[in-house]
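Visitor: Here's the letter readout for the chains.
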Amino acid sequence: MKSVKVILLLIIFPFFLSVAHKYYVSVTQIEYVKEKNSLQIIARIDVDDLELTLQERFDKSINLTSTDEKPSADDYIKKYLKQKFEIKINTKEVNFKFIGKDYENDQVVCYLEIKNITSINTIEISNTVLFDLFPKQKNIVKSKINSKINNLIFTKEDINQYLNFK
Amino acid sequence: MRLLKFLCLSIAFISLNAVAQEQEPQKSGHTNQNKFKQLYDEFSTPNMFRTGSGAPGPAYYQQQADYKMDLEINDETAVLTGYETITYTNNSPDDLTYLWVQLDQNVRTKDAPAKGITTSRVTPAQSASRFASTYMSESFDGGFNIESVTSTEGKALSHTINQTMMRVELPMAMKTGDKFSFNIKWWYQINDHVKNGGRSGYELFPDGNRNYVIAQFYPRMAVYNDVEGWQNSQFWGRDEFALPFGNFEVNITVPADHLLDGTGKLMNRKDVFSKDMMNRYEKAKKSFDEPVVISTQPEAEVREKGRSKKKNTWKLYAENVRDFGFATSRKYIWDMMAVKLGDRDVMAVSLYSKEGNPLWEQWSTKAVASTLKSYSRMTFDYPYHKAISVHARRQGMEYPMICWNYGRPDENGKYDDRTKYGMMSVIIHEVGHNFFPMIVNSDERQWTWMDEGLNTFMQYVAEQDFGEWYPGALSTGDAAYPSRRGPAKNITRYMGGNQDRIAPIMTKGLNTYQFGNNAYGKPATALNILRETVMGRELFDYSFKEYANRWMFKHPTPEDFFRTMEDASAFDLDWYWRGWFYSTDWVDIGLKEVKKYYVSSEPNQYAKNYAATNNRSLEDLNWVYLVEEDSDEFDNKLRQGTSSDNSPTLKEYMMDNFTPEERNNMEQPKYFYNMTFEKPGGLVMPIIVEFTYADGTTKTETYPAQIWRFNDNEVTKAIASIKEIVSITVDPKLETADIDTSNNSWPKEVKESDFDTFKNKVKGK
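Chains as they are written, first to last, in our numbering: chain R, 36 to 201; chain B, 899 to 1663.
Because the hints were derived from the structure by calculation, they are not lab data.
Treat the hints with care, since some could be wrong.
[Claimed, not checked] With a cut-off of at most 20 Å between alpha-carbon atoms, the simulated PhoX-like pairs for lysine-lysine come out as follows:
{"no.": "1", "chain 1": "B", "residue 1": "K1657", "chain 2": "R", "residue 2": "K113"}
{"no.": "2", "chain 1": "B", "residue 1": "K1208", "chain 2": "B", "residue 2": "K1173"}
{"no.": "3", "chain 1": "B", "residue 1": "K1238", "chain 2": "B", "residue 2": "K1184"}
{"no.": "4", "chain 1": "R", "residue 1": "K71", "chain 2": "B", "residue 2": "K1209"}
{"no.": "5", "chain 1": "B", "residue 1": "K1493", "chain 2": "B", "residue 2": "K1646"}
{"no.": "6", "chain 1": "B", "residue 1": "K1168", "chain 2": "B", "residue 2": "K1181"}
{"no.": "7", "chain 1": "R", "residue 1": "K171", "chain 2": "B", "residue 2": "K1093"}
{"no.": "8", "chain 1": "R", "residue 1": "K150", "chain 2": "B", "residue 2": "K1646"}
{"no.": "9", "chain 1": "B", "residue 1": "K1181", "chain 2": "R", "residue 2": "K71"}
{"no.": "10", "chain 1": "B", "residue 1": "K1657", "chain 2": "R", "residue 2": "K150"}
{"no.": "11", "chain 1": "R", "residue 1": "K127", "chain 2": "R", "residue 2": "K69"}
{"no.": "12", "chain 1": "B", "residue 1": "K1631", "chain 2": "R", "residue 2": "K132"}
{"no.": "13", "chain 1": "B", "residue 1": "K1506", "chain 2": "R", "residue 2": "K95"}
{"no.": "14", "chain 1": "R", "residue 1": "K71", "chain 2": "B", "residue 2": "K1493"}
{"no.": "15", "chain 1": "R", "residue 1": "K150", "chain 2": "B", "residue 2": "K1661"}
{"no.": "16", "chain 1": "B", "residue 1": "K1494", "chain 2": "B", "residue 2": "K1631"}
{"no.": "17", "chain 1": "R", "residue 1": "K191", "chain 2": "R", "residue 2": "K127"}
{"no.": "18", "chain 1": "R", "residue 1": "K177", "chain 2": "B", "residue 2": "K1387"}
{"no.": "19", "chain 1": "B", "residue 1": "K1615", "chain 2": "R", "residue 2": "K71"}
{"no.": "20", "chain 1": "B", "residue 1": "K1597", "chain 2": "B", "residue 2": "K1646"}
{"no.": "21", "chain 1": "B", "residue 1": "K1209", "chain 2": "B", "residue 2": "K1173"}
{"no.": "22", "chain 1": "R", "residue 1": "K113", "chain 2": "B", "residue 2": "K1387"}
{"no.": "23", "chain 1": "R", "residue 1": "K69", "chain 2": "R", "residue 2": "K95"}
{"no.": "24", "chain 1": "R", "residue 1": "K119", "chain 2": "R", "residue 2": "K191"}
{"no.": "25", "chain 1": "R", "residue 1": "K113", "chain 2": "B", "residue 2": "K1659"}
{"no.": "26", "chain 1": "B", "residue 1": "K1631", "chain 2": "B", "residue 2": "K1649"}
{"no.": "27", "chain 1": "R", "residue 1": "K105", "chain 2": "B", "residue 2": "K1312"}
{"no.": "28", "chain 1": "B", "residue 1": "K1184", "chain 2": "B", "residue 2": "K1284"}
{"no.": "29", "chain 1": "B", "residue 1": "K1649", "chain 2": "R", "residue 2": "K179"}
{"no.": "30", "chain 1": "B", "residue 1": "K1661", "chain 2": "R", "residue 2": "K132"}
{"no.": "31", "chain 1": "B", "residue 1": "K1093", "chain 2": "R", "residue 2": "K95"}
[What the hints assert, rightly or not] Ranges between beta-carbon positions, derived for each pair:
{"no.": "32", "chain 1": "B", "residue 1": "G1662", "chain 2": "R", "residue 2": "D94", "range": "27 to 35 Å"}
{"no.": "33", "chain 1": "B", "residue 1": "D1528", "chain 2": "R", "residue 2": "D109", "range": "49 to 57 Å"}
{"no.": "34", "chain 1": "R", "residue 1": "N199", "chain 2": "B", "residue 2": "K1659", "range": "42 to 50 Å"}
Virtual Cβ for every residue (Gly too), placed ideally from N, Cα, C.
Same shape as in the complex, but just chain R:
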């Protein structure tokens, strides 16, 4: 019997198990609250996938858990999101503030805010969260800006989306 090398293929075939608890989709809501000059972002990402990504990217010892979590976990999440979530408003790059995160079932819910936005004419979003470890990942962004609702889908092949409100 020839011995075979067992390896991890990049095109990992997703053997969905009977329980199939795996998601490959993240959902982010972006809402422009004009009265507060603020762009409010709520991003929901699968906990297991984010944890694996952070471990691979930064530190193998990172643990995302609702009990006894190290405070550094938030710092890593913030760092990762700043690398993977880029927004330009009216052609200028803007920085968001990481307000915090919560756990909901199998997901991490991250709250981000961009303040001092007096008006939005155009917005450009780049959302590459989890693509580095999960090429099949799809990121959905539901935006509510200037009373218009848009559904944007980001994939490894399509990482930039642009909306014009003029």
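Model the placement of chain B on the given structure of chain R, informed by the hints.
Guide: For chain B alone, coordinates are given in the frame of chain R:
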């Protein structure tokens, strides 16, 4: 107390549409698109195989496939070799000239087409290790090596392999009632399921030992039936299995220091159990509250260190099962507990290596027992003699009488809520699968949701039971088991999402997006809503039990389920199946506006217009007038007094038609509301309305879904009330999976957004 019903009749003007016919361009014709249209077009015509009531018909048939197998696992090479005799019985009215045999391990051959259908892209830059693993490694070759396919006389049978399906040519056509036996000799390389994925395989531990969870390991018969002919749709890896029932006689040879359990009765227990194990086993059969350990952790730790060169053969025999799975390892701790179901005792069993403790010794067997009780109550008493839960990393998969489940604490034995509840939920789910599809044997290859959706719904019921029966299993702060799937509000994000990424439930599993939501979450939620809100538990439970009992040990299709639920309840469900299962519509029902009216003695504009247009006098008409609170005609003094005080016409009518005693006992409504409901979402659902009165009390009314049958967008309801209503809420308990509740209240609620709630919480810390 008698309400003035006639008052409502005489104010019929609210529903009168005295609007002149507008000039509209003529629309083109249409077919019946009404949401309440019966499903005649979608369903097959009932026939002798499957009746209009959703039951097996007089000509219903199913095939049988019996197996006699000798297997051996070489622990050093992780290769399984086998020899089987398959006996196939043709109960169909058709002549068969060939048989189809399933070769599921072929999804893992070196150049399997299954690998070809996943999309990929060249990455411009990546780490060296990823580059090497993508482009430079030998890929795993795990397919079946078929050494021979022979008749009982030993003659070679002509056969053709198409990926995961093998066609065996019959030397003579099989007629109705014929039995045909043939032999297959094969071997395959068992896969490392942790590294390569898969629903079976082994996990390699740092100490060099393996935990084998073995299934799909043998060439097995495909289903032949009245709906599909041969169900020989390829196994691409996602949709699961369609399998006929039969009897299995399996002999498995493994190293002598291994423990093993699988589908069926262990026929040679005395050969493979030590005396201690036999004694503990006898104790376990009488232990109904706590599991008894058959093989302890210290004993397992001793075995782990050895590598016996001797072998043992375990003999298992199973009747009327659709598949066979077994687990074996020298690392196992084994415990069992007895469960009373009806007039029989069933054994709940767990097999786990020490890495699963302390979680597994505490909860696995209890979760198995609890699940059997819940499911038996809702369907039928579990007909097999045991149910096993095997600890396996990253697994969650079901086979008759045995399943693999994840849930492992860290090296220090610590686990968080996510791990604990994850483990309990997966055990409940996989053990539940014994009922759907192992016994109610639907075609998983075509309809993933028929077993996964029904099972996930039942899982929710069983989880809630488990939380009640074992409150010690819950964490502090959890009043009930925190089920992830089942409650209506948990599915709204999926249903209200991007339509490009949603497929109807009635779609072959291979082709759906968001597989978990599509085949598990949404159908489970749909059934839960049907049970708790639309039909009610009494009607639902009776019909669900009827379905399970009609189709136990048989092969149902979706229509058989849909028809039976209606047949047994007299509850029209076509609109529900059509909306929830055949379309991707979502629920959004709200209050568009509410107008409040009071009785007045002054003729209103409506009455004046009517009198003028129809040349009548107001004195002759002698109507009771209702005036809207926001209109110019309203006068604040109308808020005082009763309705009859404010309308002489009404007062006189009452005095002329009712005795003083009757008038004394009458209750007069004072407040009148015209509610306009809107339905931006496509799904028709009942309208659940909660009225909150000025005195703080509440009342809930439900208008059945049929209210939408004439107008799919807007309906109005007029109500009269003795007490003043201060607020009206649609679906106050979030039972209908309404994706947007911002339009559900009158007066309109200004709710703090989720974002602000979280922000304020963080600030407060």
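Visitor: Could you run down the list of hints and mark each one as holding or not?
Guide: To see whether the hints hold, each was checked on the structure:
no. : hint                            : in the structure
1   : B:K1657 with R:K113             : holds, 16 Å
2   : B:K1208 with B:K1173            : holds, 19 Å
3   : B:K1238 with B:K1184            : holds, 10 Å
4   : R:K71 with B:K1209              : violated, 74 Å
5   : B:K1493 with B:K1646            : holds, 13 Å
6   : B:K1168 with B:K1181            : holds, 16 Å
7   : R:K171 with B:K1093             : holds, 18 Å
8   : R:K150 with B:K1646             : violated, 28 Å
9   : B:K1181 with R:K71              : violated, 69 Å
10  : B:K1657 with R:K150             : holds, 13 Å
11  : R:K127 with R:K69               : holds, 18 Å
12  : B:K1631 with R:K132             : violated, 35 Å
13  : B:K1506 with R:K95              : violated, 81 Å
14  : R:K71 with B:K1493              : violated, 33 Å
15  : R:K150 with B:K1661             : holds, 16 Å
16  : B:K1494 with B:K1631            : violated, 25 Å
17  : R:K191 with R:K127              : violated, 24 Å
18  : R:K177 with B:K1387             : holds, 19 Å
19  : B:K1615 with R:K71              : violated, 39 Å
20  : B:K1597 with B:K1646            : holds, 19 Å
21  : B:K1209 with B:K1173            : holds, 18 Å
22  : R:K113 with B:K1387             : violated, 29 Å
23  : R:K69 with R:K95                : violated, 41 Å
24  : R:K119 with R:K191              : holds, 12 Å
25  : R:K113 with B:K1659             : holds, 19 Å
26  : B:K1631 with B:K1649            : holds, 16 Å
27  : R:K105 with B:K1312             : holds, 15 Å
28  : B:K1184 with B:K1284            : holds, 14 Å
29  : B:K1649 with R:K179             : holds, 17 Å
30  : B:K1661 with R:K132             : holds, 14 Å
31  : B:K1093 with R:K95              : holds, 18 Å
32  : B:G1662 with R:D94: 27 to 35 Å  : holds, 30 Å
33  : B:D1528 with R:D109: 49 to 57 Å : holds, 51 Å
34  : R:N199 with B:K1659: 42 to 50 Å : violated, 35 Å
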